[in-house]
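Residue numbers (the working numbering), protein chains in the order written: chain F, 1 to 196; chain H, 1001 to 1081.
Please keep in mind that the hints were generated in silico from the structure rather than gathered at the bench.
It is possible that part of the hints are untrue.
Mimicking DSSO-like on lysine-lysine, the simulated pairs with C-alpha atoms at most 27 angstroms apart in a straight line are [stated by the list, open to error]:
#1 H/LYS1012 <-> H/LYS1045
#2 H/LYS1045 <-> F/LYS110
#3 H/LYS1072 <-> F/LYS110
Here are the in silico distance ranges between beta carbons for each label pair [claimed, not checked]:
#4 H/THR1078 <-> F/ARG87: 22 to 30 angstroms
#5 F/GLU15 <-> H/SER1026: 24 to 32 angstroms
#6 F/ARG87 <-> H/GLU1063: 56 to 64 angstroms
A short list of chain F residues far from chain H (calculated; beta carbon distances all over 12 angstroms) [to be verified]:
#7 GLU24
#8 ALA27
#9 GLN33
#10 VAL34
#11 ALA38
#12 ARG45
#13 GLU54
#14 GLN67
#15 ASN109
#16 ASP126
#17 ARG128
#18 SER130
#19 ASP132
#20 ASP133
#21 PRO169
#22 LYS185
Note that CB positions come from ideal geometry on N, CA and C, so glycine has one too.
Residues per chain, in single letters:
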Amino acid sequence: MGETTPEAEPRRLAEEARDRVRFEEDALDLADQVYRVARRLVSTREEAEDLMQETYARAFRAWRSFQPGTNLRAWLLRILTNLNIDRGRKQQRSPDLQPLEEGDYYLYNKLEEAGREPNVDQDRVDERLSQDDVVSALTAVPHDFRDVIVLVDIGDFSYADAAQILEIPIGTVMSRLHRGRRILKRELADQAVSAA
Amino acid sequence: MSFGAAADPCDKCEEMLQPFLDRELSDSERAEAEAHLDGCGYCRKRYRFEDALRRFVRQAAVEEMPPDLKQKLADLRTPLL
């Protein structure tokens, strides 16, 4: 307030430039982690790349609205998920579709029935399921459920962060996660058993 | 959530699987689930499978960022005057 002298303005500009550069470097340092989440929120690598570029362009423009000391990764993902919805994701939705879900033991029981009882002593899940199975099954999970699974189970966000990123109540995060994991397991069971 | 006398304890245990692994159960619920798991190989196998499955999904879903994308993002920075 007291700094209205002519020499104060260049100093303020220099400080702002320094803060901006620091923000941009911090955001770029997180790009690998943001990409891992982005890649599973959309279907193709090209979509993920476009979404990342739009997100970073917007983040760099809006850098002043980030509050230092808060979670920058969550802030970037909030921009990214909003952009993803804006990009017409709603058109892909089937709002009335009630995805089929089974209990939490369903996948294990199906593998067991198919004669491929998981060897729990070695936890060799990868002998029963492939990376492609997981990717296809995730893609088949409806978006609202998939977003939460990707943020919490792949992005390692807390329920509270996921709620903030998606702008939904924490109870909704928990119920979508619970149901989404069941839908995912049903999809995995369908793939694993049909491939048997 | 608890193991009522009338309900099938394995059904109850199945319902508790996700909150158990997410560490969302209260102390008493957790103790109840652990007591059931101690004596029930059927549920114990399925809990271990779920734990391994989560780790596998996390690892299988990871796709690294294409190297040239990072440069494209860096190019979006505000030019220094």
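Okay, the hints, checked on the actual structure:
1. H/LYS1012 <-> H/LYS1045: holds, 15 angstroms
2. H/LYS1045 <-> F/LYS110: holds, 14 angstroms
3. H/LYS1072 <-> F/LYS110: violated, 45 angstroms
4. H/THR1078 <-> F/ARG87: 22 to 30 angstroms: holds, 24 angstroms
5. F/GLU15 <-> H/SER1026: 24 to 32 angstroms: Since F/GLU15 and H/SER1026 have Cβ atoms about 49 angstroms apart, the given range 24 to 32 angstroms is violated.
6. F/ARG87 <-> H/GLU1063: 56 to 64 angstroms: Violated - the Cβ-Cβ distance for F/ARG87 and H/GLU1063, about 20 angstroms, lies outside 56 to 64 angstroms.
7. GLU24: Given a closest Cβ separation of 5 angstroms, the condition is violated.
8. ALA27: At roughly 8 angstroms from the nearest Cβ of chain H, F/ALA27 sits no farther out than 12 angstroms, so the non-interface label is violated.
9. GLN33: violated, 9 angstroms
10. VAL34: violated, 9 angstroms
11. ALA38: violated, 9 angstroms
12. ARG45: Violated, since 7 angstroms does not exceed 12 angstroms.
13. GLU54: violated, 10 angstroms
14. GLN67: holds, 19 angstroms
15. ASN109: The assertion about F/ASN109 is violated, with a minimum of 8 angstroms to chain H.
16. ASP126: Given a closest Cβ separation of 6 angstroms, the condition is violated.
17. ARG128: For F/ARG128, whose nearest Cβ neighbour in chain H is about 9 angstroms away, the distance does not exceed 12 angstroms, so it is violated.
18. SER130: The assertion about F/SER130 is violated, with a minimum of 8 angstroms to chain H.
19. ASP132: violated, 8 angstroms
20. ASP133: violated, 8 angstroms
21. PRO169: holds, 16 angstroms
22. LYS185: violated, 8 angstroms
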